[in-house]
Amino acid sequence: MIELRNVTKYYQTKHERKYILNNVTFTIPSGVNVGILGRNGAGKSTLLRMLGGIDFPNSGIISSPNSFSWPMGLAGGFQGSMTGRQNVQFVSRIYGKSEYEIKKVIESVKEFSELGDYFDMPIKTYSSGMKSRLSFGLSLSFDFDYLIIDETLSVGDKNFQQKSKTALRKKIEKCHVLLVSHSMPVLKEMCDVGIVVHNGQLYYCDRIEDAIERYNQINT
Amino acid sequence: MVRRSSFSIFKSVVTALFLREVQTRFGTKKLGYFWAIFDAMLMVLVFAGLKMAIAEKAMPGVDFPVFLASGFLAFFLWKNIVNRSLSAFSSNVSLFAYKQVKPFDTILARVLLEILVSTMATLVFIAIGFYFEFEIAVQDFNMVILAVLWLILFGFGFGLMSAVFAHFYETFGKIIHIMMTPLLFVSALMYTVDSLPTVLRELILYNPLVHFMEMIHGYYFVALDTKYVDYEYMLYWTLIPLYIGLYFYTKGEQRILST
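Protein chains in written order, with the numbering used here: chain B, 970 to 1189; chain P, 1202 to 1460.
Excised from the complex, chain P in its bound form (with noise of 0.2 Å):
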């Protein structure tokens, strides 16, 4: 047998594993597709739909179903990357038979694929922009990818740590679960951090998530910006979960992969 480096173990596993997971999302389960870009436009049909009904005065110089979108699309993927990283281990628990395949390498191929997914439910929600006419143009493209990526960044890590303490205390995973309805509504995706009152604005600043979701707002939209948004307090939320997870990780692996 031929003897083949640790890096390119590891690319034909992550790879493997991330063709798997395609098949597991499109293949079996014929929905996949649809469900990709549901969860995403239910929220923007009843935020818009809530919005128009109570006529509530529209922010000015802003697409209300394009801020929806945008927010939503973001959130989604950060909440997917989270969830589907606490459910890697145990839904790849028979692979492990198999020597080459690290827990690790399931959460990043899952990451890929949620990458992947949230990019075609942003191509289709382009182009029903395009076709209902609404004002999609971007403000700053290039730093509404880079929140984007570092937004994917954050969910890594702190997928990563969650799966980490979730295997060893099942609790951990199931608060992180429950966590995810309340977060929809306090991570400024249906308003502007600016729109709230001063207490309450203080408060929701502590989510690391209104960060990520005021930057994209921010850059995306000519008439909003991004005064509210500390670059250093999510690069704290970025940098300190995946460095505790690949610690506890590195520590873990071999219990994760024995049980």
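Okay, chain B solo, but in the shape it has when bound (with noise of 0.2 Å):
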């Protein structure tokens, strides 16, 4: 379950407040996987930011009591010049696993990864598609109550695609899922319930579908 109470996040552009959420006050029920809608720049990312306890609210108040992944995304969450085995082991050792268990993380997201003789290069020298498949690989080796999914699963090639959505699948059957999308058939497949981002509003939808539909709504 997730409590928005009051929430108003703006950023200030020259000349006016853009507000992504203006006093919102919304709870998202528990034991649901949800499917983010909205258009560019209607603040997907950023509510994301702030579920995930990495942004924050310029007023109000959001509170849960599960736990939740970082934002997997296409930008941000790895350090360029650290290789893709140290950021792994980064991230291993803030979620205090121990060395043997930091090995064992190692050897699956390698493998998960496909990423060969690149799990030991900088992350610079990498893809958008490389990081992606390194970041949800890692992620599967935690234990969350939501996944945070910006977008990732639209990258990497169809072979890969397939392979993380069976991945997901099989995950969000002890966990779920806040999901940011624009590929409607993923939004579809894995999400019970959506929510649209519109005009610093959010409007909920007990069926995914819906969700889509007003959407669409929007974009005409």
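A portion of the hints provided could be inaccurate.
[Said to hold, decoys possible] Below are the DSSO-like pairs computed for lysine-lysine, each with C-alpha atoms no more than 27 Å apart in a straight line:
#  : chain 1 : residue 1 : chain 2 : residue 2
1  : B       : Lys983    : P       : Lys1375
2  : B       : Lys1143   : B       : Lys1132
3  : B       : Lys1073   : P       : Lys1375
4  : P       : Lys1303   : P       : Lys1452
5  : P       : Lys1212   : B       : Lys1073
6  : P       : Lys1303   : B       : Lys1066
7  : B       : Lys1079   : B       : Lys1093
8  : B       : Lys987    : P       : Lys1375
9  : P       : Lys1452   : B       : Lys983
10 : P       : Lys1375   : P       : Lys1303
[Unchecked claim] Computed, partial: chain B to chain P, Cβ under 7 Å:
#  : residue
11 : Ile1023
12 : Gln1048
13 : Arg1062
14 : Tyr1095
15 : Cys1144
Hints were generated in silico from the structure; no laboratory data involved.
Where a beta carbon is used, it is the ideal one built from N, C-alpha and C, also for glycine.
Both chains come to you apart, so use the hints to assemble them.
Structural data, given as structure tokens:
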């Protein structure tokens, strides 16, 4: 369960405040997989970052008894000068894994991400597809109540997309997912309910299909 | 997921950041070991050479290269702590994607790394000192260590304050960077305060680093003393920046994270 109480988040541009959320009070019930839709710049990623605890509303409170993964997105989360292996070590360490567990995480991430020799190359040499493979593989090694996924499922080649979808489906038997995607089939497949972010408000729909419909209305 | 106490999270984050800093410093840049001693070594060679060339009369009872080495090692420790703290937030910004990682931890990890690097450099210097039979005996070991630890705390507080200010006002960081070079010459590194004319002496004693250097030198060499060291003044310079730094850090942490 995630509770938002009077949450306001805005970005200050030169002339005005651009509201991402404008005094939103809202509860996301527990036990559902949530798809998040909205136009570019509507604030989907910011919403995910706030849910993940690395960005903060200008006012209001977001609270949840659950644990969240880091937002798995195309950008961020990795230090460019570190190798894939070092990044995996780093993340395992901050989650308090023992050296033995870290070795196991490294093995499984290396195998899942199919990076080969690139696993020991600095992240800055990676393509965006490789980065998200690493990020996704890494997240599978930890147990969260919610996985926060920002568009990463749509990158990578077909083979990897299929593989990650299968892995994700297995993973969400035990946890839930907050998923931003522009791919309607992916949303339909993975999510139960939907949230549309538009003009500083959140619109909740009990069925993901309704959310997609609403999103399509906004776009027309 | 098992809940962990804040302290155990803090500990594992600082450890992870520290190991990451070690990897970047000594792993990918293979010359890390070399750079650790290079700057201090260069300064000692240059100023010891100058002194010989000018053939100025030496400080009686003091082995001049050892005098230089002790001062420069301490100075570079302080300078590196401050400089590396200044860039700590921006070079770790992508790791703030993990909510366990707080900007404060990145500074702490860097301070720890600088202590490690400086310790290594000091050991190399001591080995060289032994080999070439310099007078490296210490008068009061404990007080020298105390002075260095105090200097580290001063660097940490000042670095934290500067890092927070520099995050919001970029110019501040630039000013600190520019300040470092002149500081090298006005921090009693190549001379003692006692050897200065009275006017200069009064002026230079406003520089807190002078007191730290005089304390280190005074307790290191039997022939020197600490009569110009104002402990109260050093305490102000340690506690006030630390307090200001922590105060503005706690106020600004969320803004630092969300940029």
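| message | Let me make sure I understand: some of the numbered hints might not hold for this structure. Which ones are they, in numerical order? | response | The structure breaks hints 3, 8, 14, 15; every other hint is satisfied.
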